[in-house]
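Participant: For the protein sequence lines, the chains are U and X, in the order given. Here the first sequence stands for residues 3 to 290, where the numbers follow the numbering used here. Here the second sequence stands for residues 3 to 639, where the numbers follow the numbering used here.
Worth flagging that the hints you see were computed from the coordinates, not collected in a lab. None of these values were measured; they are calculated from a predicted model. A virtual CB, placed ideally from N, CA and C, is assigned to each residue, including glycine. Do not take every clue at face value.
Claimed, not checked - Quick look at which bits of chain X chain U covers, simulated, 3 or more residues with Cβ under 8 Å:
id : segment
1  : 256 to 269
2  : 449 to 463
3  : 547 to 553
4  : 562 to 575
5  : 595 to 605
Unchecked claim - Okay, derived cross-link-like pairs now, DSS-like style, lysine-lysine, Cα gap no bigger than 27 Å in a straight line:
id : chain 1 : residue 1 : chain 2 : residue 2
6  : X       : K454      : U       : K151
7  : X       : K497      : X       : K157
8  : X       : K614      : U       : K263
9  : U       : K6        : U       : K151
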Amino acid sequence: MRNKIISVICYLVLAPVIGGLLEGVDRKISARMQRRVGPPLLQPFYDVAKLLKKQIISVTNAQSFLLQSYMVFMILTGAMFFAGSDILLCMFVLSTAAMFLYFAANVTSSPYSTIGANRELIQMVSYEPAVLMACVGFYLVDGSFEISKIASSQLSSVLYLPGVFVAFVFILTIKMRKSPFDISTSHHAHQEIVKGITSEMGARNLAVFTITEWYENVFLMGVIGLFIVNENPYSIISAILVILFVYFLEILIDNTSARMKQFKMLEMGWAVALVLAGCNIWVLMLIK
Amino acid sequence: MIAVPFLICFPFLVALILMFIKNEKLQSFIAYIGAALIAAGVGALALGRIMGGMQPIRMYYSTEIADHIIFGGEIFLMLLVTFLCFKYNKKAISLLSIIPTAVIAAVEFRISTGPTDHICVDRLSMMMCLIIGVVGSLIIVYAVGYMSGYHLHHKEIENRSNYFIALLFLFMGAMFGFVLSSSLIWLYFFWECTSVCSFLLIGYTRTEEAVNNSFRALWMNLFGGTVLAFGIFYFAYYMHTLSFREFINAGVNGNVFALLPITAMAFAALTKSAQLPFSTWLLGAMVAPTPSSALLHSATMVKAGIYVLFRLAPAMSITTTGTMIAFVGGFTFLVSSLMAIAQSDAKRVLAMSTVSNLGLMVACAGIGTPETIWAGAFLMIFHAVSKSLLFLDVGATENTLHSRDIEDMHGMLYFLPMHAVFMFIGIAGMFLAPFGMLISKWAALRAAVDEKNIALLLFIIFGSATTSFYWSKWMGKLISYPHSEHSHINDITRKNETVSMAIQAVLMIALCVLFPLLSKVFVDPMLQEMFHTSGEVLSQGLLYMLVVVICFVFAVPPATYYYSRRVHTNKKLAYMGGINTGDNTGFVDSFGEEKKLWMSNYYFANRVGIRKIMLPCQLFAAAVLTVMFCIVLGVSL
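With the rest of the complex left out, here is chain U (with noise of 0.2 Å):
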């Protein structure tokens, strides 16, 4: 009970100093590989305190508190993920917080921003199936959808897993909105849909979806490690490397492809779900 105490709370501050970083070293990568010396590592942090300092801007009222929401969801799923509760809750309760991300950029009325929404929508729907193959896939190997359980599994889950774990990979770039898949926004203004569910997000509004970020991504990047994480507390330095690695490929995948259009990732996401994951699940059904 202490333990789990200790790393939610770990959880709590650590995260978006955790999640901060990777934006900055995310920043910088990029910035290399584009052939620019790039913003310093703590730029995020700069950013974030700027925004914060400026007075709320927005089209209705109703995005701030919508957005709060969306945040205090999303560090709920973060906590009970590090709690070591139930996965297939924390994803259910991650698809409540994703929900009011969606309301908040809808509730606007601008065309932009709900030409965004919608398009988040189908983001939704595409990554969803894979992550609850993995949710499925770790009760199948380790016999419950208990985190803690699975984390002190003898064998790390991905040896089972190969294919989900591919698939998880892969959607996670629809869920973290990275080229080619950052169809409902981008970190760029110049767009078709200027910047799609972040359009009508200013100042203070735009700070709270920053950090909600940062918490999503370190939650996500947990779900990697859990992949890989055993009862031998010496998997957690390979569980960190797989996760910077993991991080690294999506940086890389960003600055490599070009935008698809939303269909084909709905395919792809759907596919990948289907083929890799599903039949990884369905063999370790007939062996198990």
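Once you have looked at the hints, place chain X on chain U.
Facilitator: Frame of chain U, contents of chain X only:
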């Protein structure tokens, strides 16, 4: 136990009285009293059962007079259907009523069967009675106000609202009879009653479309009934009993003569629950006035099929029948949720989602383990309340807006706040964590993995993704900022409609909060009664976690709402590349003319529309069912 005959006979009596009353005031008075008494009767029954320790009661072993009345009723139904079929020139359909009636007559007079109990009150039928009684009487309360508003707007339709409300009562009586009967003959009679009632309700307006749709509903349901009648005949012929309990026991014990009848009954249940390939009748049922759609879709008619499948579940688990039924259910869940995406008519979305959710319940019943029945039972309870709330609210909104297109509900929170809130509660109950439906999905998913049923697993996983898509885009419409800022809309919802919906909304929230308790006190013992095994489906740890999440959901949005209201916000225009027309409702186009801004959702009708994928899916499901019958016939004969 006077409540049992009261619940079955009293609605019939009220219906009979209402048939002859044209005065609107008197009509509504009788309807209110009737609904109140039925709700009280259900309450009394529940109270009596709780005081009596909830042991199953079996009664009415010798019922000669009642048997004659029921046989007379069957003949009457047959004559009525035949008459209407000839009147509207659909003569072939009458055969589907004549043949099964002859078969049932043969069972009754030609086959000697031992004495059996005719009524059985156990926890499952108790649960059904509560759902029917509570939701059904609320729908009737709503219907009284709705119908007078309906006829104000639809002057072209002859006002027969007394007949309509009488039918609603008749329907409830038949449903009570259906879930309480434990004799196959009685079961069959009430089954036919609900089929005919729904047929009459759908055809209420007598327009050409309504008549066609009502006959489609009729033949599909009667077809199921015919298969059921043959199943009963086969069982009675070989086993010499008409007891429903013996029927299930024979199936559980693996009796070879039980396999075919059980398959027949499960098949009939599929027709009643509008599973593929029989989903089209439920879509057609949308032409009827809203209360009947609500009653058909949420609380009663379609749940009759699920009820039967739950009863059969112990006998169906790990048989070919069970696997195939689960497959059809899962398949229906996925494809009808896909088709729901393409609908913008609110009632059609509700219809497709009903079919989809029923599919999940059918899949749960088909697997037939205690865990899945637990999930199915909760799906049923939550679905009944939230769907009936949604239907009634869509009906009330339609009366006010003169449209039930979801696109016209853009910004409803601003111009019809009460309806938007009711809708929001209903939709949240259907899919958002941590409400009941989601917990059921959790349990169903786990059960599918435990049973190593990969097809069902995929259906549930992909189906739940598509389900959240069509619900969330509807919710998004409700809360967005309206297209025009100064539209004033006069809400003409009557007081009784509001009261009925408010009660259901409160009930919905209460169910969400109290469902761990409900699980412990009622559903777990029910499973023990059905499967003779004990065990909790939900672990204690998960339960605590759920309570935490529920508290969050009820606390966070209101808290942040009040917090953000106090913070000063600098309001700016929405970004439109600098071409706003001064407010957020329009822009200047490339010719310099002002245009209204209009935003709409994605529907993808050319990819997942009903026209596009319904027929192939129907053919596929029909093929699966045919294979099922071939296998079962091969084993039995």
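Participant: Give a verdict on every hint.
Facilitator: Now for the hints, and whether the structure bears them out:
no. : hint             : result
1   : 256 to 269       : violated (count 0)
2   : 449 to 463       : holds (count 6)
3   : 547 to 553       : holds (count 3)
4   : 562 to 575       : holds (count 12)
5   : 595 to 605       : holds (count 4)
6   : X:K454 to U:K151 : holds (21 Å)
7   : X:K497 to X:K157 : holds (22 Å)
8   : X:K614 to U:K263 : holds (22 Å)
9   : U:K6 to U:K151   : holds (13 Å)
Violated hint for the displayed structure: number 1, the only one.
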